[in-house]
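Q: Chain by chain, the residues:
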Amino acid sequence: MTTVPEVAVIGVGLHPFGRYPGKSALEMGEDAAIDALADADVDWTEIQTLFAGSMDVKNPEAVSALLGMTGIPGRAVFTGCATGGTSLAMAAQSIRLGEADLAMAVGLDKHKRGAFADHPSVSGLPEWYGSAGLFLTTHFFGMKINRYMHEHGITEATLAKVAAKAFRNGEATEHAWRRKPLSEEEILASPYLNYPLRQFMYCGPDEGGAAVVLCRADKAREYTDTPIYLRASTLASRREGAIEVLTPSLPVRDTASPTTHASREAYEQAGLGPADVDVAQLQDTDAGSEVIHMAENGFCADGEQEKWIAEGATEIGGRLPVNTDGGLLANGEPVGASGLRQIYELVNQLRGRAGARQVEGARVGYAQLYGAPGTAAVTILST
Amino acid sequence: MTTQVPVAEDLFTWPAKEPALIAGRAADGTLVFPYRPRRLNGTAREELARVELPRRGTLWTFTSQRFRPPAPPYAGDDTAETFEPFTVGYVELDGVGLRVEARLTEPDPEKLRIGQPMELTVVPLGRDPEGNQTMIYAFAPVEV
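The listed protein sequences derive, respectively, from chains U and S.
So in numbering that gives the first Met the number 0, the last one in the first sequence is 382, and the numbering has no gaps at all.
So in numbering that gives the first Met the number 0, the last one in the second sequence is 143, and the numbering has no gaps at all.
Here are the computed distance ranges between Cβ atoms for each label pair:
hint : chain 1 : residue 1 : chain 2 : residue 2 : range
1    : U       : His118    : S       : Arg37     : 22 to 30 Å
2    : S       : Arg65     : U       : Gly351    : 39 to 47 Å
3    : U       : Pro72     : S       : Arg35     : 37 to 45 Å
4    : U       : His118    : S       : Glu8      : 17 to 25 Å
5    : U       : Gln268    : S       : Ala15     : 49 to 57 Å
6    : U       : Glu185    : S       : Arg37     : 47 to 55 Å
7    : U       : Glu185    : S       : Gln115    : 29 to 37 Å
8    : U       : Ile33     : S       : Gly130    : 51 to 59 Å
Sample of chain S residues with no beta-carbon within 12 Å of chain U, all distances over it, derived:
hint : residue
9    : Ala26
10   : Thr42
11   : Glu46
12   : Glu80
13   : Thr81
14   : Glu142
Think of the hints as simulated: they come from the structure by calculation, not from any bench.
All C-beta atoms, glycine included, are put in the ideal place defined by N, C-alpha and C.
Please build the complete structure, drawing on both the sequences and the hints.
A: Have a look at this one:
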């Protein structure tokens, strides 16, 4: 390790993702926060600043009304699917700036079933783009992996293997939403939602909460024997020329995705490289995204995923276990909370308390998020 | 007879026997689609020329849409029951260094292939508040 950590995670909490009729998003955030406080052995009254992420709740920082109105600054955070990375990064930054010794990041959401609907103008797009049926982020996922498979020799069988792994890991994860394993044959028999992506290769929007308690690194051992240090947190937005969600046209030139940029910067911040990572959580909105993100985060070259996945390299016990809790495919995506679920899983892995899905000897964990409007976040944690 | 109107102004030339997409062109040759009259260039607003894009290109990638998109914003002249799955893709236009996202006229993704030649057409989409039939651009496979 070449950098001295300034911020530590001392507690993580989760309200399992799924469907909870009658329970509000704020109540799920409250449960996750209480879980994280208990894990950190910290009283809510000791938390000095709050960053709360949500897509469907306008003021998620109002979770403090349920936890106790202590008068601390509470801020809402939203960067699409990268929201969890941002709430964590902002909580960490407030500690670095000396605003707080103890901070909380919380995410909470409660989505309806089915594709997200919005007016194209919220993404700076003209109305006709929505009228024509083009305003769907899922088209991007289908089109990007279709091109990627064509250029790099990735097969449909590999996509099925990625999805099957997710549901297998979900089975081993008590809090996962989808816990029924699916065979590659069953996955390949499900209908195309966005060619070449099939129904069982997609995550679904759902509900849930996740929370993290952060602390000044030099004080972390006052609270826990197993602090997990924040080595890097980065955020990158799209650059002209990259194929991204909701893009009516793009110039013909090779431009790296925001994930690639966020990843490179994160390795630099951490003083680590891809080979140092023991366990990774990669945004798997669909099985194709996980395949692409393996390369965009530097773990393998474009096209090597075919061999890696055939050899089981991303399974628990493989050389780089990916999405050990089943990722988005098995947990669904409450957008505001999803990124902090990744942190919850990594912290449990790095503390050696992941039970049946424990990655032996994991010391460095890596989390990546990607979503509309072309935003990627990377977080690196270590023991 | 129902009047056919483009779904938006400044999107494609219409009526036209050979319709073309409309883009903005900056002084350095950069093409902006959909058309906007100006863009930020360094510190100043730059006026863009209104140009027509080539009608032909090759299919760069594609996908399919199995379910009726959420409406609104979707404004197709169909219902959840009558909806027919469609395909969308990026077509790399000949000679201008631009890929354009579009509906494709072939609804079966298994009949499409990356690299095949495509040509612009205009197809019915839905109804406007006055009862006119709205029209949207799409790319059709070129028989070779």
